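Given the sequences, and given the hints that come with them, work out the whole structure.
Number of protein chains: 2
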Amino acid sequence: MSVRPLVQSLLDLFRSGNIKGFLARAQQAEPADLGDVMASLDESERVEVARALPRRLSGQALIAMSDEEDAEETLVALGPEDAAEVVDQMPDDDAADILGGLTPEDQERILTQVEDRTDVDALLKYGEDTAGGLMTTQMVVVQSTATAVEAIEAIRSQSEEDEEFIDVFVTDDHGHLVGILPIKRLLTSQPGRTVGQFMEEAAIRVGPDVDQEEVAHQMTRYNLSNLPVVDSSGRLLGRVTLDDVIHVVEEENTEDMLKFGGVSADEELTASWGDAVKSRLPWLYVNLATAFLAGAVVYVYQATIARNVALAVWMPIIAGMGGNAGTQALAVTVRRLAIGNIPAGRSAEVVGKEMLVGLINGLANGVAVALVAVLLGEGAILGLVVFLAMVGNLFVAGFAGALIPIVLERLDIDPAVASSIFVTTFTDVCGFLLLLGLAGWLLIH
Amino acid sequence: MSVRPLVQSLLDLFRSGNIKGFLARAQQAEPADLGDVMASLDESERVEVARALPRRLSGQALIAMSDEEDAEETLVALGPEDAAEVVDQMPDDDAADILGGLTPEDQERILTQVEDRTDVDALLKYGEDTAGGLMTTQMVVVQSTATAVEAIEAIRSQSEEDEEFIDVFVTDDHGHLVGILPIKRLLTSQPGRTVGQFMEEAAIRVGPDVDQEEVAHQMTRYNLSNLPVVDSSGRLLGRVTLDDVIHVVEEENTEDMLKFGGVSADEELTASWGDAVKSRLPWLYVNLATAFLAGAVVYVYQATIARNVALAVWMPIIAGMGGNAGTQALAVTVRRLAIGNIPAGRSAEVVGKEMLVGLINGLANGVAVALVAVLLGEGAILGLVVFLAMVGNLFVAGFAGALIPIVLERLDIDPAVASSIFVTTFTDVCGFLLLLGLAGWLLIH
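Residue numbers (this note's numbering), protein chains in the order written: chain A, 1 to 445; chain B, 1 to 445.
Quick caveat, the hints were computed from the structure, so don't treat them as lab data. Source: prediction; values computed, not measured. The beta-carbon is built from N, C-alpha and C at its ideal position, and this holds for glycine as well. Watch out, some of these pointers could steer you wrong.
Covered stretches of chain B (in silico footprint by chain A; criterion: 3 or more residues with CB under 8 Å from a CB of chain A, positions within the stretch not fixed) [claimed, not checked]:
| # | region |
| --- | --- |
| 1 | 70-82 |
| 2 | 205-211 |
| 3 | 363-372 |
Just the calculated beta-carbon pair ranges, DEER-fashion [stated by the list, open to error]:
| # | chain 1 | residue 1 | chain 2 | residue 2 | range |
| --- | --- | --- | --- | --- | --- |
| 4 | B | Leu293 | A | Gln302 | 21 to 31 Å |
| 5 | A | Arg193 | B | Gly196 | 13 to 23 Å |
| 6 | B | Gly207 | A | Leu411 | 45 to 55 Å |
| 7 | B | Glu108 | A | Leu376 | 54 to 64 Å |
Okay, structure coming up:
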């Protein structure tokens, strides 16, 4: 990864001890650049920078760091008082995110020093991966009896300085969400009209416990820049913004990729080796148990192999090709399920297509391996055996690669868990059964 | 996938022939719901619905369909005149997307009937996966000499009715982008001040040929809701909005998942079986070539296997475990590279961690297989062989799974192409070399 010039020059200034130059240049940097600077430093340097920067920039830099654990450690290392001053400068949802990762003791030590902890405390109640954990309580709210002029005044007084997009939420006098005012409607209405007369319905809303994946799905599906979060009685609690959702989408995609690769979805990309072992070893043990299945098939056919050792050469070829064809079908199907691309009632069609693709690819590769077998002088019958085993295994691979995730989805199990581990074991077993079974039947009798 | 009640009731109304009821309910539906209705219908029903709906809703439904090819076919099937009326009602960027997928003849047939084709023509010039292909030309623009009051008036006159977030772009009198006005600043400024005095710098901007992945990266990195697109002289051409970028992120993630599974990145998830074969067969042939490598290793050791057929039972176990451990390391590393999670100068650390994880998991699984071998009565020496082969193969798997994608990234090759195909072949070869080589040395001599 190449380093941006601004990031590099900030690092150079800091390391050459030119703190004054560093601070001057940091003022012009974007939060993401400051986050990158932090990521390239070691723990003690990070603390030094976090102390040197103005509180607001320190907060931005910590929020922007891609390694959350490093950011949390740095915050704690600042000591409760300095940390609280930095937290004071953070938007409430970011403050809750970073504080939520600390031990309860560290959290409390900092929060007791924070000027106004009400909003952060409210957000800390919610699970990290829920709408409540994602939302901010900072928003522009007016009552439905307010006039257009009053609503514009509310934007002036309630919104943040650098807020880029603003919806005005409309509530009744008990705080229940009744509508939303797009800015354009607000600017084009008569100044004296009450907002209740020209607001839009706020039909799409979620409760605070809704999973973040569902939140992302709703916002992308309905192209919302702000999704209101309401309690069970419809009282407005906060809003989720689209930029938070992009990070959720990235996070969910990371999880899907990891699960697909047989890694626990909660393994942090920056996990230590110890955590990585803890996350992956259980899956490898599962795989070992299933691998013994494939081994057992070979065990049954030991006599067949002993009579014709050349079969051992074809074993990894037939099994490996099945595994890869199965992984292809699996990747496409898991992804289709993830983005809701399989219309209702069309599952059979999807599985059928993958079976057909497997069959055709099996024929194409079967001919190739049969030719090689014959050219190597292994005889027409072995050629026929490897041809049939390849066709059969790739057909089964297409079937399993598509069907397994669809069935899991129906059972409300995350289909990405049907990782390559299961499909490759499945195709190993089928491949050996076909190759060795057919050979035992055709070659030896 | 469960169908939303509204989508189901629309389908029921349409299929029972109650077109009036269908149209009444469709007015209340969101575009995404209409898109789902279309996706559940067959070609001729889709055309019927597209004709029955008001032009504006037809356009929204076609844009919202997840299968772009189906949407394009439906548009063409409407005939040029009706199609043009539907296109007239689409935002220019969506119109360009759907028209861009047609044959040049169909495209021209429709465009000659379109009322004002200037904007769509301009957008069609750019590649589909570039900033130009993603941007809209609809925006609010004022000159830097305008007053705050004039800028608010520009929002009234230039923005779309249902636009949710608005930035005002500021240009000089030759159309060069000079700044951006966040709405909050606009509303809080003195009415008579010129916008040049209180606008923000528009430092982050891209050219129309910049790849969409880079666009998404910039917008998420800097939390932008609108990214201005400018030509080489800095003249404002359009803007990319955050909701487009979410779809890009989803698309890029689909591509990464497919490549990781050994499928061409340009295979549509809804590809026909013929296109799927075309996309996957070349990869399977590549895999076949590499699988012959693994076969060749076994070929060399045929004599060893002939003397001790039990080795054939352990072959898939050692090779399969290596493949899965390698896929784990690969999934984590590919994902880290995709989201820029490996700080500069830390590559060696990443590879080192994966090697250590592989070694420890190798020890844990090696002990397990050695125990099984001894308990099955295969003797201590075979136990030692499978132990060493497992440790060695998982160590190599960690090394290859992390190093291969990092090296590819350095060479400017997409690291996701280091798909499971290559890593599993690599671990097959190493696994067989270790298992059969050690066995030949320890068991037979």
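Tested hints:
no.	hint	in the structure
1	70-82	violated (count 0)
2	205-211	violated (count 0)
3	363-372	holds (count 5)
4	B:Leu293 to A:Gln302: 21 to 31 Å	holds, 25 Å
5	A:Arg193 to B:Gly196: 13 to 23 Å	violated, 33 Å
6	B:Gly207 to A:Leu411: 45 to 55 Å	holds, 48 Å
7	B:Glu108 to A:Leu376: 54 to 64 Å	holds, 56 Å
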